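Undergrad: Okay, here's what each chain looks like letter by letter:
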Amino acid sequence: MTSVDRMLSLRDLRVWYPVRVGLIGGLVRGEAKHVRAVDGITFEVSRGEIFCLVGESGCGKTTTGKAILRLTDPTGGNILYNISQEDWDRLAAIEGRLKELGTPDAAAAREAEPQLRDLLRAKRQITQLLYPWSRVGAYLEREHLERNVAFLKERYASVYKGTDPSLERQLARGRERFEILREYGAWFTVRRAKKLRLLERSLKEAEYRLRIAEATHGRTRRFERQRRRVKRQLDRMARHIRKDSPEAQQQIAALEAKLETKKTLLRRLDLIDLKKEYDREKPRLEATRRASLEIPEAASQRIRELESEMETIREKGDRVLEALELETLRDELIARYDLAAWGKRHTAELRKRMQIIYQDPYESLNPKLSIFDIVAEPIMANKIVSTMSEAEAVVRKSLEDVGLKPAEEYMFRYPHELSGGQRQRVGIATALVVDPDFIVADEPVSMLDASVRTEILALLLDLRKRRNLTYLFITHDLGLAWIIADRIAVMYLGNIVEMGDGPEIIRNPRHPYTRALISVVPSPNPDVQRDKIILRGERPNPVEIPTGCRFHPRCPMAVGICGWNADEVRDELLRVFQADEAEHPEAQGVSIVVEGSSNLRIQSSDPGKLETYLKARMPALGPKKPALGAIREMRPEADALVLTLHVPTEPPLQQISDRVFVACHLVEPESPGVPVAEGAAVRA
Amino acid sequence: MRAVDDVSFSLEKGESLGLAGESGCGKTTTALSIIRLLPKNGRIVDGHIWYGDQDLAAIKEADLRRIRWKHISIVFQGAMNALNPVRRVSWQIAEAIAIHEHIAIDEAEDRVDDLLELVGINPARKNDYPHEFSGGMRQRVMIAMALACNPKIVIADEPVTALDVMIQAQILELLQNLKDELDLSMILISHDLSVIAETCDKVAIMYGGKMAEFGPTEDVFRDPQHPYTQGLIRSFPDIYGPRDLPPWIPGKPPNLLEPPQGCRFHPRCSFAFAECSVTEPPLYETGPGHVASCHLRAPGR
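Just so you know, the protein sequences line up as chains C and Z, in that order. So for the first sequence, numbering that gives the first Met the number 0 puts the first residue at 0; every next one is plus one. So for the second sequence, numbering that gives the first Met the number 0 puts the first residue at 0; every next one is plus one.
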């Protein structure tokens with residue numbers, strides 16, 4: 000695989016919602032049921048691409064988008080964010096080796112535990128012995144110390160020059176008091192300073208509200224009154240604490256001096272501390288450097304002993320240990336990049352990098368807020384700006400970026416005053432205002448008229464170029480996916496059934512579900528000729544996902560190995576028997592018992608005859624009743640015919656050709672260069 | 000507000016007609032005025048709606064009631080919300096029969112099984128509530144309800160909007176089959192041109208409350224005569240077409256309180272010339288049964 004700039008890698012992501020079965024139900028049956036909204040999906044999104052998730056409603060595409068943004072919590076799997084190529088290769092290597100070793104099961108792990116403990120003890124001893132001397136140990140230690148020393152040096156220099164940020168912070172509080180004092184004068188206490196700050200803020204707020212009211216021709220009187228009241232209070236307070244009084248001058252001078260002393264003192268203290276630490280670290284570094292040159296004979300003797308001890312344990316404990324170790328290593332590696340494992344703090348940070356555009360601009364905008372308030376909310380909540388004027392500049396730029404020009408005309412309007420297209424532009428501006436690099440676009444144009452739709456799409460594509468965005472585009476409209484997607488993943492019932500390059504998937508679908516889906520997309524071109532494959536029924540309940548391939552009950556191409564379970568085969572057999580009753584007396588009045596997951600028992604007085612009859616009927620029934628194909632073996636017993644079925648297995652998402660992945664039992668990997676029949680032909 | 004202004008079309012027996020256009024162009028209003036179901040502040044100012052030899056715009060309300068549902072019925076927009084959530088499905092279908100045929104509701108319920116079977120719902124589920132049905136099944140119930148009194152004409156107002164593409168195909172197939180089986184005439188309203196292209200015999204494109212173009216579907220889609228129709232067709236992404244972003248029509252639909260002078264489309268039209276902003280174009284015939292309201296199509300131009 001070539002080097003790809005991975006932005007997101009989803010690995011076996013699952014989102015399950017528990018279904019209430021009730022206390023009694025839970026106690027009696029002892030089972031918990033889940034809606035398996037997303038059921039183990041794996042894909043990657045590279046930087047700068049448009050990755051399309053398509054599928055019918057309820058297939059889990061929106062849930063996937065929400066799980067990535069951590070708007071809903073994943074139940075399993077990982078979402079790796081910005082993983083480096085190096086670590087990706089490492090992960091792949093670990094996983095490849097793990098596959099070779101096989102997953103250690105619980106019993107094997109328990110058996111290996113004492114050995115593992117011995118091994119770890121031995122390893123620890125070696126490490127301890129080696130640490131100061133070994134090349135690796137010394138290298139690591141030296142690196143650590145060198146970093147420390149460099150850091151201390153730098154810190155010392157910055158404190159010495161007075162550019163140290165932590166010192167700045169310490170001084171900032173004193174300086175703030177000083178500033179207020181200098182502006183307003185004497186008689187000032189901490190409480191008064193606070194009050195002053197508060198008043199100033201409410202004045203700004205009142206002025207802002209007044210401007211909105213003016214711009215929207217609302218009632219300005221109330222805000223004008225409010226503004227005047229605050230202004231009066233502020234003036235009174237400022238008068239009260241005049242700065243030209245001699246006391247004030249005196250206080251200012253005193254405070255100024257105090258501030259200066261504090262600054263010097265703090266700096267001096269810091270410098271002393273730093274010097275001390277530097278003096279401590281420097282000789283340690285020297286010692287390590289010297290020590291790393293030689294390994295004492297005694298230590299190396301002990302190391303040799305331990306190593307041979309380890310070798311014997313390893314021979315005995317073999318692969319289980321390696322697998323366990325590798326698993327730990329893999330989990331550590333994953334945890335460094337995994338969004339699914341990050342806490343609330345990290346997630347909040349993430350909001351500045353990842354944003355979402357919602358489907359319905361008629362419902363996703365708060366009708367009580369002005370456009371300015373809506374767009375400014377993310378930057379205020381994330382504390383990207385602190386003042387109103389800063390916010391205004393950012394909001395203006397964002398609105399103009401999405402084509403709402405001039406921004407003043409829209410800023411103080413309310414959502415109901417805008418058209419659908421303009422509202423969706425506001426939605427996009429809100430997502431872009433924090434300057435993210437990844438956007439989940441959840442059906443961003445499906446609620447819009449066709450003529451506006453392309454306009455918004457063009458905007459999204461333009462923004463991708465200008466702002467280097469990566470999109471996860473969620474849509475049910477394959478026509479849309481065809482036009483914009485670099486890559487497409489088709490989802491069905493919480494799983495990806497087909498994934499690959501956009502044009503390839505649409506022009507040359509391989510999975511029966513994708514084929515059906517594409518065949519029913521209506522086309523405005525009357526020349527298009529194709530056979531529609533209309534699937535019967537609706538998608539199954541995601542609580543009871545079918546066994547084997549989850550698409551098999553609706554699949555027009557399903558055969559015996561696709562995952563029919565014993566109940567389905569029994570029902571099909573009963574139907575056949577009922578239909579054949581008149582011609583074949585042996586099919587009369589039989590009862591079928593399900594035994595385990597893959598055995599059926601047909602009670603009959605003459606199993607031999609029943610077998611001949613069934614075997615004779617099979618070829619005729621086969622194509623119409625694929626469930627019967629699941630019968631692998633028939634064995635007549637004394638009073639019954641026992642049927643053994645194929646064990647249902649779920650088809651994995653496997654690579655079919657260069658860049659296409661399909662999860663279907665019937666699709667075989669292609670040898671390169673073999674052309675595939677066209678799905679649809681256009682008459683010239 | 001003149002929501003629909005000077006719209007004429009005809010529908011033959013067994014034919015299907017598509018009404019297409021952007022939202023707010025008067026599609027639904029046209030359909031609702033056919034059976035006079037306009038909201039209280041709306042009225043038919045002028046014009047005729049001929050059904051056989053009766054003018055539906057002029058006859059008395061009592062006479063119209065005999066026609067509604069038994070002759071012309073409608074599948075309302077938004078199957079998700081058009082059913083009563085506190086009544087069982089069978090009761091709701093039976094109610095439509097009982098009211099229009101003046102029979103008892105119990106009697107009417109006997110016919111529900113057949114109707115449900117006709118639209119492909121297992122009659123065993125007739126006593127469910129609407130929330131127990133999926134979107135596609137609710138749409139089927141709405142269709143069953145429209146068919147309850149064996150009408151001659153069914154008006155389907157956005158029957159597949161907000162449905163998944165597979166369910167959409169199922170419903171369209173169902174409508175097509177029912178049309179052939181029961182020899183219905185159908186008016187299909189949709190903002191999605193591709194749906195109309197695939198299901199209707201004739202199509203009327205509406206813009207700003209007026210009819211921009213009317214003609215046989217194949218002719219209109221293969222050779223659109225009105226610049227608006229051309230733009231609208233081009234703006235639909237086609238899975239069998241080139242992989243480019245389709246062009247869009249700049250500007251926005253007219254405000255019907257003060258529609259623009261002359262041709263309503265001229266402010267957005269790239270072919271507009273002087274005459275367009277002065278006189279309103281009549282419907283010029285451009286082919287057999289194919290008309291377009293555009294000065295470019297005037298004879299001799």
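These are calculated hints, taken from the structure and not from any lab test. Remember, predicted model here, so these are calculated numbers, not experimental data. A hint or two may mislead.
As a list, the in silico SDA-like pairs of lysine to any residue whose alpha-carbon atoms are at most 25 angstroms apart [to be verified]:
(1) C:K464 x Z:P246
(2) C:K531 x Z:L177
(3) Z:K251 x C:G536
(4) Z:K178 x C:I533
(5) C:K274 x C:L284
(6) C:K404 x Z:N254
(7) Z:K251 x C:Y357
(8) C:K531 x Z:D191
(9) Z:K251 x C:D476
(10) C:K624 x Z:G119
(11) Z:K251 x C:L284
(12) Z:K251 x C:I383
(13) Z:K251 x C:K531
(14) Z:K178 x C:Q528
(15) C:K404 x Z:K251
(16) Z:K251 x C:E442
(17) C:K623 x C:D530
(18) C:K531 x Z:G134
(19) C:K531 x Z:E217
(20) Z:K178 x C:R535
(21) C:K32 x C:G47
(22) Z:K251 x C:M446
(23) C:K464 x Z:D191
(24) C:K32 x Z:L181
(25) Z:K251 x C:E399
(26) C:K531 x Z:R221
(27) Z:K251 x C:T215
(28) C:K531 x Z:R242
(29) Z:K251 x C:L417
(30) Z:K178 x C:D530
(31) C:K531 x Z:G250
(32) Z:K178 x C:G536
(33) C:K382 x C:D400
(34) C:K396 x Z:D191
Coverage of chain Z stretches by chain C, computed from C-beta distances (three or more under 8 angstroms per stretch; other residues unrestricted) [said to hold, decoys possible]:
(35) 59–69
(36) 274–284
One-sided excerpt, in silico: chain Z residues whose CB lies under 8 angstroms from chain C [stated by the list, open to error]:
(37) K12
(38) S22
(39) T28
(40) L31
Don't be surprised by glycine CBs; every beta carbon is placed ideally from N, CA and C.
Undergrad: Does each hint fit the structure? Answer for all of them.
TA: Each hint tested on the structure:
A hinted pair counts as satisfied when its Cα atoms are at most 25 angstroms apart, and C:K464 with Z:P246 qualifies at roughly 19 angstroms. Straight-line distance between C-alpha atoms of C:K531 and Z:L177 comes to about 18 angstroms, which keeps the hinted pair within the 25 angstroms bound. Restraint check: the Cα-Cα separation between Z:K251 and C:G536 comes to about 40 angstroms, which exceeds 25 angstroms; the hinted pair is violated. The hinted pair formed by Z:K178 and C:I533 meets the criterion: a straight-line CA distance of about 18 angstroms does not exceed 25 angstroms.
For the hint pairing C:K274 with C:L284, the CA-to-CA distance comes to about 15 angstroms; that is within 25 angstroms, so the pair holds. For the hint linking C:K404 to Z:N254, the alpha-carbon distance of about 21 angstroms falls within 25 angstroms, and the restraint holds. For the proposed pair Z:K251 and C:Y357, the alpha carbon gap of about 23 angstroms is at most 25 angstroms, so the pair holds. Taking the CA atoms of C:K531 and Z:D191, the gap is about 18 angstroms. The hint holds against a cut of 25 angstroms.
With a CA separation close to 24 angstroms, the supplied pair Z:K251 and C:D476 stays within the 25 angstroms bound. A C-alpha spacing of about 21 angstroms is found between C:K624 and Z:G119, which places the hinted pair at or below 25 angstroms, so the restraint holds. Of the pairs offered as hints, the one joining Z:K251 and C:L284 is violated, with about 73 angstroms between alpha carbons and a cut-off of 25 angstroms exceeded. For the hint linking Z:K251 to C:I383, the alpha-carbon distance of about 36 angstroms lies beyond 25 angstroms, and the restraint is violated.
Distance restraint check for Z:K251 and C:K531: the Cα-Cα separation of roughly 35 angstroms exceeds the 25 angstroms cut-off, and the hinted pair is therefore not satisfied. For the given pair, Z:K178 sits about 22 angstroms from C:Q528 by alpha-carbon distance, which is consistent with the 25 angstroms threshold. Restraint check for C:K404 and Z:K251: satisfied, since their Cα atoms lie roughly 16 angstroms apart, inside the 25 angstroms limit. Restraint check for Z:K251 and C:E442: the C-alpha separation of about 22 angstroms stays at or below 25 angstroms, so the hint holds.
Among the hinted pairs, C:K623 with C:D530 is consistent with the structure: their alpha-carbon atoms are about 19 angstroms apart, no more than 25 angstroms. At most 25 angstroms may separate the alpha-carbon atoms for a hinted pair to count; C:K531 and Z:G134 meet this at roughly 21 angstroms. At roughly 19 angstroms between alpha-carbon atoms, C:K531 and Z:E217 fall within 25 angstroms of each other, so this suggested pair holds. Between Z:K178 and C:R535 the alpha-carbon distance is near 20 angstroms, which keeps this suggested pair within the 25 angstroms criterion.
Distance restraint check for C:K32 and C:G47: the Cα-Cα separation of roughly 39 angstroms exceeds the 25 angstroms cut-off, and the hinted pair is therefore not satisfied. This hinted pair checks out: Z:K251 and C:M446 have alpha carbons roughly 16 angstroms apart, not beyond 25 angstroms. For the given pair, C:K464 sits about 30 angstroms from Z:D191 by alpha-carbon distance, which is inconsistent with the 25 angstroms threshold. For the hint linking C:K32 to Z:L181, the alpha-carbon distance of about 45 angstroms lies beyond 25 angstroms, and the restraint is violated.
Restraint check for Z:K251 and C:E399: the C-alpha separation of about 19 angstroms stays at or below 25 angstroms, so the hint holds. Under the criterion of a C-alpha separation no larger than 25 angstroms, the hint pairing C:K531 with Z:R221 is consistent with the structure, at around 21 angstroms. At roughly 23 angstroms between alpha-carbon atoms, Z:K251 and C:T215 fall within 25 angstroms of each other, so this suggested pair holds. Only pairs whose Cα atoms come within 25 angstroms are accepted, and C:K531 paired with Z:R242 is accepted, the gap being roughly 22 angstroms.
With a CA separation close to 12 angstroms, the supplied pair Z:K251 and C:L417 stays within the 25 angstroms bound. Between Z:K178 and C:D530, the direct Cα distance comes to roughly 20 angstroms. Compliance with the 25 angstroms bound is thereby established for this hinted pair. Under the criterion of a C-alpha separation no larger than 25 angstroms, the hint pairing C:K531 with Z:G250 is inconsistent with the structure, at around 36 angstroms. Only pairs whose Cα atoms come within 25 angstroms are accepted, and Z:K178 paired with C:G536 is accepted, the gap being roughly 21 angstroms.
Only pairs whose Cα atoms come within 25 angstroms are accepted, and C:K382 paired with C:D400 is accepted, the gap being roughly 21 angstroms. A threshold of 25 angstroms between alpha carbons decides the hint, and for C:K396 with Z:D191 the separation of about 35 angstroms lies outside it, so the pair is violated. Figure legend: the segment 59–69 of chain Z, annotated as covered by chain C; annotation inconsistent (0 residues with Cβ-Cβ distances under 8 angstroms, at least 3 required). Counting residues of the segment 274–284 of chain Z whose beta-carbon sits less than 8 angstroms from any beta-carbon of chain C gives 0, not enough to reach three: the coverage restraint is violated.
Because the smallest distance between the Cβ of Z:K12 and any Cβ of chain C comes to about 24 angstroms, over 8 angstroms, the interface hint for this residue is violated. Of the supplied interface hints, the one on Z:S22 holds, with its beta-carbon coming within about 5 angstroms of a beta-carbon of chain C, less than 8 angstroms. Restraint check, Z:T28 versus chain C: the minimum CB separation of about 17 angstroms is more than 8 angstroms; hint violated. For the restraint placing Z:L31 at the interface with chain C, the shortest Cβ-Cβ distance is roughly 20 angstroms, beyond the 8 angstroms limit, so the hint is violated.
Hint check: violations occur at hints 3, 11, 12, 13, 21, 23, 24, 31, 34, 35, 36, 37, 39 and 40; the rest are consistent with the structure.
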